[in-house]
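So you can see what is in the structure, the chains are spelled out below.
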Amino acid sequence: MSDPLLASINAAAHGLFAQSARMRVLSENIANAETTGKTPGADPYQRKIINFENVVDDANGVDMVEAGDISKDTAPFRTEYMPGHPAADDKGYVKLPNVDMTVELADMREASRGYTANTQVIKQARELVSMTIDLLRPSS
Amino acid sequence: MQPLQLFDTAFRQNDWLAQRQSVISANIANVNTPGYKAKDIESFDEVVRKSLPMAVTDAQHLAPADVGTATVSDAESSQAEVLQSGNSVSLEDEFLKSGDVMRSYSMNTQIIKAFDRMLQSVTKT
Numbered sequence: 001m002s003d004p005l006l007a008s009i010n011a012a013a014h015g016l017f018a019q020s021a022r023m024r025v026l027s028e029n030i031a032n033a034e035t036t037g038k039t040p041g042a043d044p045y046q047r048k049i050i051n052f053e054n055v056v057d058d059a060n061g062v063d064m065v066e067a068g069d070i071s072k073d074t075a076p077f078r079t080e081y082m083p084g085h086p087a088a089d090d091k092g093y094v095k096l097p098n099v100d101m102t103v104e105l106a107d108m109r110e111a112s113r114g115y116t117a118n119t120q121v122i123k124q125a126r127e128l129v130s131m132t133i134d135l136l137r138p139s140s
Numbered sequence: 001m002q003p004l005q006l007f008d009t010a011f012r013q014n015d016w017l018a019q020r021q022s023v024i025s026a027n028i029a030n031v032n033t034p035g036y037k038a039k040d041i042e043s044f045d046e047v048v049r050k051s052l053p054m055a056v057t058d059a060q061h062l063a064p065a066d067v068g069t070a071t072v073s074d075a076e077s078s079q080a081e082v083l084q085s086g087n088s089v090s091l092e093d094e095f096l097k098s099g100d101v102m103r104s105y106s107m108n109t110q111i112i113k114a115f116d117r118m119l120q121s122v123t124k125t
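Respectively, the protein sequence lines represent chains U and P. Mind the numbering: the first sequence is residues 1 to 140 in this note's numbering, read in order. Mind the numbering: the second sequence is residues 1 to 125 in this note's numbering, read in order.
FYI, nobody ran anything at the bench for these hints, they're computed from the structure. It is possible that part of the hints are untrue.
Derived contacts from chain U toward chain P, CB cut-off under 7 Å, selection only [said to hold, decoys possible]:
#1 S2
#2 L5
#3 A7
#4 G15
#5 I49
#6 F52
#7 V55
#8 L128
The beta carbon of each residue, even a glycine, is placed where N, CA and C say it ideally should be.
Take the sequences, apply the hints, and build the full model.
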């Protein structure tokens, strides 16, 4: 069993990684919020969802987190009447992505809150380690 | 007489605090993992009680096994709401606990320092 403080820095680093992967998927969603298909009746961009998984690190017995598979949101697409659009079907309706900006922004807030929490943990673990190292410092 | 037991106790509690900190950081890392239950380790009192050696007064007595590590279990949730995802981590609780760890750890190292100064003042003169 290795040092629990280093293990906690490791767990927090995994948390940072998972939250930043989530941030990436969210920004893909936001960037593609209006991406339509090119041919008549084609499906537009489908919203992506990231899954977090709990992984136990065998060496330390600490619960790590890992960003798992990215799946597609199966919610129905929005439609809008735009007869001149290249992706319009025979009735003139265009399918738009099932991305809801408010949901994405709320998710982003949550991701950044999680990220901040993890950086805080790393800071604190470092401080604990340096307290122990300070024991070796000769006192004046 | 056990002259240096203070060092031992302080270091043992620091050990326990470090373990607790690693459980807290695992909780925080999993704050968005569906179905994850917040965990905590058993209290320091419990660990000390388990690892205090019983006196062996007869050759036939079995010496107790050394139990130095704390066990991890699911913490009872203090959260009023139950999330749809089944996750029971509350960031506020975790930060409260980690503040606790910080304070105690700092106090322990200060105690160790003070005791070390006392020993040195004896040996130097």
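Taking the hints in turn, this is what the structure says about them:
1. S2: Hint on U:S2: violated, closest Cβ of chain P at ~10 Å, above 7 Å.
2. L5: holds, 5 Å
3. A7: U:A7 check passes; min Cβ-Cβ to chain P is 5 Å, inside 7 Å.
4. G15: holds, 3 Å
5. I49: Check failed: Cβ of U:I49 comes no nearer than 11 Å to chain P, outside 7 Å.
6. F52: Status holds, d = 4 Å.
7. V55: violated, 10 Å
8. L128: holds, 5 Å
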